[in-house]
Structures are given as C-alpha cells and as structure tokens.
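Peer 1: Residues per chain, in single letters:
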Amino acid sequence: MGDKLTREEVLHVARLARINLTEEEIEKYQFQLKKLLDDVDKIKEVKLDSNDKLIAPVDEKTVCREDEAGEMLEPEEIMKNVPVSNGNFVEVPVMINE
Amino acid sequence: MSKYLDLSILEINGLLKEKKIKPLDLVLEAFDRIERNSDLNAFITLDREQAIATAKELEGKEVDNLLFGIPIAVKDNIVTKDLRTTCASHILDNFIPIYDATVVKKIKEKNMIIIGKTNMDEFAMGSTSQTSYFGAPHNPWDHNKVAGGSSGGSAACISARLVPLALGSDTGGSIRQPSSYCGIVGMKPTYGRVSRYGLVAFGSSLDQIGPMTRNVYENALLLNILCGRDDYDLTSSHRDVEDFTRLIGEDIKGMKIAVPNFFVSDIVSAEVLNKLNEVLDLLKKNGATVDYIDIDYIDNAVTLYQIIAMGEASSNLARFDGVRYGYSVENPVGIDELYSRTRGEGFGEEVKRRIMVGSYLLSGENAKTYYTKALQIREAIRKSFLKAFEKYDLIIGPNATTTAYNLGEGLDDPLKTFLDDILVIPVNMAGLPGMNVPMGFGKGHLPIGLQIIGNRFDEAKMYKLAAFVEKELNLELDPREVR
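First to last, the sequence lines map onto chains A and B. If you count by the working numbering, then the first sequence holds residues 1 to 98, one letter each, in order. If you count by the working numbering, then the second sequence holds residues 1 to 483, one letter each, in order.
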C-alpha cells in the first residue's frame, strides 16, 4: 500500500483497456488511479438490507422490435468514415500468423 | 443587426406567421451573435451553409408549429447526418455521421434550423467542459469562470443569447450543473422519456438527452417534440406524448415539497443555502408545505457513479478502435498495436483514466466486489426516492454546491470533477427527471440554480413549480444586461 500503484499495476489496467501510455502518463496515472480506486473502495463498507439490483431504471417490459428489414445504409456511405479500406472492405493489420 | 432573437419564441412565431420576418433573418442573426462572441468557444462546428439553405427552403412552407424556423444548437455527442460530430475528442475529430439521431430527426421534422454543434467535455466526461479537445467554453457571466459540464457549450450559448434553444445530455448532471452555472433552464427528463438513438453512448443506463433554454415555458415546448417511443431505443417509453406546458401558471397551493437533508448539509456553500432558504420561504408563503427528509444511501451516489458510469463507459468506448471510423494510427504492427496506439493517442487524459478504472472495476472478481454491490445500492436509492414520492409531489435542493469556479482550477485532482456533481448524480441513478431553474446570484454575480426532482414521468409538475419560481423571482438572466 502507499499513495500510488506500481508501474506494473498501471500497465495491467492499460492493457485491459487496450490503451497505450507514454512514460509520463504511466507515472501520472500511478497516483491518479490509486486515488480513484481508494475512493471507490468505500463501497465495501456499505451495509444493505436487500440484495435486489438495479441495472437500468426501466419499468416497462423491453421488447425487441420485429426482425424486419427497414431503412438501410448504403455500403458506400458506411465506407466513407473507414480509415483504411479496399473497395467495400475494411482493411486491418494481419491478425492470424501462419 | 436585428434583435429578433431577444424575443420570446411566441413573439418570433407571431412575426414569422405574419411574414414580417423570415427564418433567414433569425439564422443570420444567430451567426452574427456567435461570431461576435467567438471568445466564448461555445461551438465546435458551425453549419452556416446548410442552415442558410434550410432557412431559404422554409420560406415556401407554412409556419405550422411554434418552433418552426427557430435556430437550435446541438451538443456534439448527438449525431447529425453529414455534419461533423466529434464528442470533443481527437479520436472523432474527422467523423461525419451517416444518419441522424432520433431527436435530430424530430427537430428537423418541426423545421427547426440546426446552427451548429456545441462544445462539451470529451465524451461528456467532466463537470467543466475543460476536457474538450477543442479547449473549454467560457461562462458568459464571467469569462474567467467555467461554463460547467459536460454540456458547457450548450449552456453558454443559451446564456449568452446566441440561440434560443439547445440540446444537451445528462449522465451525471451534465445538463443541470452547467445550466446552474450559466443561469439557464435545463431539463434532464425521466430515463426512457427521450430516445437515446444517435446519442454517442457514455453510461447507457444513465444517459438522457434534454432541452436547455432561456426560460421554463420554452423548455417545456422543446421537450414536447423530443419525447416519444422509438423502436431504435429499446428503453424508450411507450407512454403517450403529453403537453408539458399544461400545468404552467397553475397555483402551487397545497403542493408537498421535500428537501433531502443531504442537500442542505455542510457540503453546500453558505450563499447557495441562503438562496435555497429564500425559495423555501417563498413556497411556504404561497401555500406549499416543505419537509426535510432522508434519502437512503444518497451520500454514496458519487461512488456508485464512479463504478457504474466508468464501467459502462469502458464497454461503450471499446468501439473506438481505429478500424471503422475516427482517428487511426499509421502503419501499426498487428491489430493489438492498432487498437492501443489509436486509443492512446486518440483519447484525452480524463477519458483514458475513466476507461482504465472502468475496465479494472469490471475485470474478474472485481465485478462482484464493486459493480454488483453498486447495483444493489442503486436499487436501494431508487426505492428510497419512490417511497418519498408516495408522500411528496416534488423534491428540491440546489444543483451545485457552489457557483462557477475559475477556469483551470482542480484539473489535477481526479476526484474534483465527481464531487462537483454530488447533488445531481442521485437523479440519474434512480432514472428520475431533474431540472435546473435559476434562483439567484452569488458573489461576483454568478448564477445559483434550484434543482427540482420529480417522480418518474412527472415533468409537467416540475415545470409548474419551476415556472412559479421563475415568475416570482423575476431575475434578470441576460448576462449582457448586467456585465
């Protein structure tokens, strides 16, 4: 314990979130994340009478709409924002090594 | 330059109907005002060309509703077809949406004219709008103060009278708190009242879009056209659309008002408490009753917010990966590097911090220790609120513990931004409607706001009380008149 997380702890959290950090950021987040996580820890002390949970405050039954084709977007439209494309394909780096 | 935008919506509507003015007059006046107040940094993107084209198209149409031809500003986390939507983030600074959010469709159907996209905290994460990639907006009452956040640009542009109407979004106070700091009327409707389709998701179980305006009546008018069931948002309510102006002007005699003790505890500054007490006296004098009550676990709301909002955010923001849209790093080696470098360079400091904390809190055993526990406390808070509403019509208190503070203050403290929202977060946890109506001024003539909280779907009753307070206090809310 102390007032900061270890370097490895920060890198672990950053890895979970798929976020690359600079050296300067790692150092800063060692203190900041510790402060936030310590604060959140207060929740462990709270005593409750019930285990009922509230995930979202909706009191109507949520029903999926019928699976019918509706308005559709054109592939050209969708491709407009794609950073790297080839025709109507989205290009990404190689994912599977041979 | 004309001064039509100083008139009420009803007056403008009259002039449009009598053909004394055209929508184009309003649009040009709005852009003139925005240009002369560009130091406020209220907008990220302006849509001058399209707004003028729309205004000209409207000249051939019948003025068929009160909001016809009225310029409106839209928060930059609500997608607008063919108009850049950045969420005030580098990761979306080149993003052009290919569809309209449901609320945007609705405002276009009523022939309102979108002027531009307003500044905000990056991905709505913050309480001052200072986390914006495009720099912070300024408070029109004092340019050295924050406008509040995250809907700071929308609040500033209404307060400075640049446009009469704006849309904001509220996940943990992001409509009410900047409305309080800037002296305007802002409504966070009941969760489910307004479709979230096209609102870039932050905390999906908390987010809600709402109207930000100069006065109570115009706020209700705008909410009238925003709400309703939408098949594209499963959580939107099937309830009938109602007229939210219908109780405005009614007597408040016999209204039962509750004030949570937490809202008048020592976390609130003396000048805010004094104003609240003046309002309570006013209500009592006019036949309302006021009781102090306890809402269970309300003091834990900030912690719950840190867990629930950050957890949901870490999941929602996983979509920003450099693959389908937005910023993407060049020549990444492997898919993992594409993700992590894009996100590392594309997101700002606050957003990265929140995603990391959220990811951590939801990982492995932590999900049970923190997230499940938070959901249990959340239910207890909701039950306590609902119990209070069995006895009381409305719950009131302040929206913020202080008035707007200096730009640059508190940026190094990761907890400060959450504590700024300590009085507004409970409403989002319970899915209740909450609003701000100005109730006076503090030191340096900075606005102080009254928070009105209603039972689920009780917005009309909230507008009734808000309109009463507005009329009785009769404050000068135009900063140009006093600065």
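Quick caveat, the hints were computed from the structure, so don't treat them as lab data. It should be emphasised that the depicted structure is a prediction, and the values quoted were computed from it without experimental measurement. Please note that the accuracy of each hint is not assured.
To be verified - In silico negatives: residues of chain B with every beta carbon more than 10 angstroms from chain A:
1) E35
2) D64
3) F95
4) K106
5) E109
6) H238
7) T245
8) I267
9) E379
10) N474
11) E476
What the hints assert, rightly or not - Below, in silico cross-link-like pairs of lysine-lysine (DSBU-like), each with a Cα-Cα straight-line distance of 30 angstroms or less:
12) K108/B to K80/A
13) K3/B to K20/B
14) K17/B to K53/A
15) K20/B to K106/B
16) K285/B to K391/B
17) K383/B to K443/B
18) K106/B to K368/B
19) K368/B to K416/B
20) K47/A to K105/B
21) K105/B to K34/A
22) K3/B to K53/A
23) K42/A to K368/B
24) K105/B to K80/A
25) K391/B to K17/B
26) K108/B to K61/B
27) K416/B to K28/A
Using N, Cα and C, we set each Cβ at its ideal position, and we do this for glycine too.
Peer 1: Among the hints numbered above, which are violated by the structure, and what are their numbers in rising order?
Peer 2: 3, 6, 9, 14, 17, 18, 20, 21, 22 and 25
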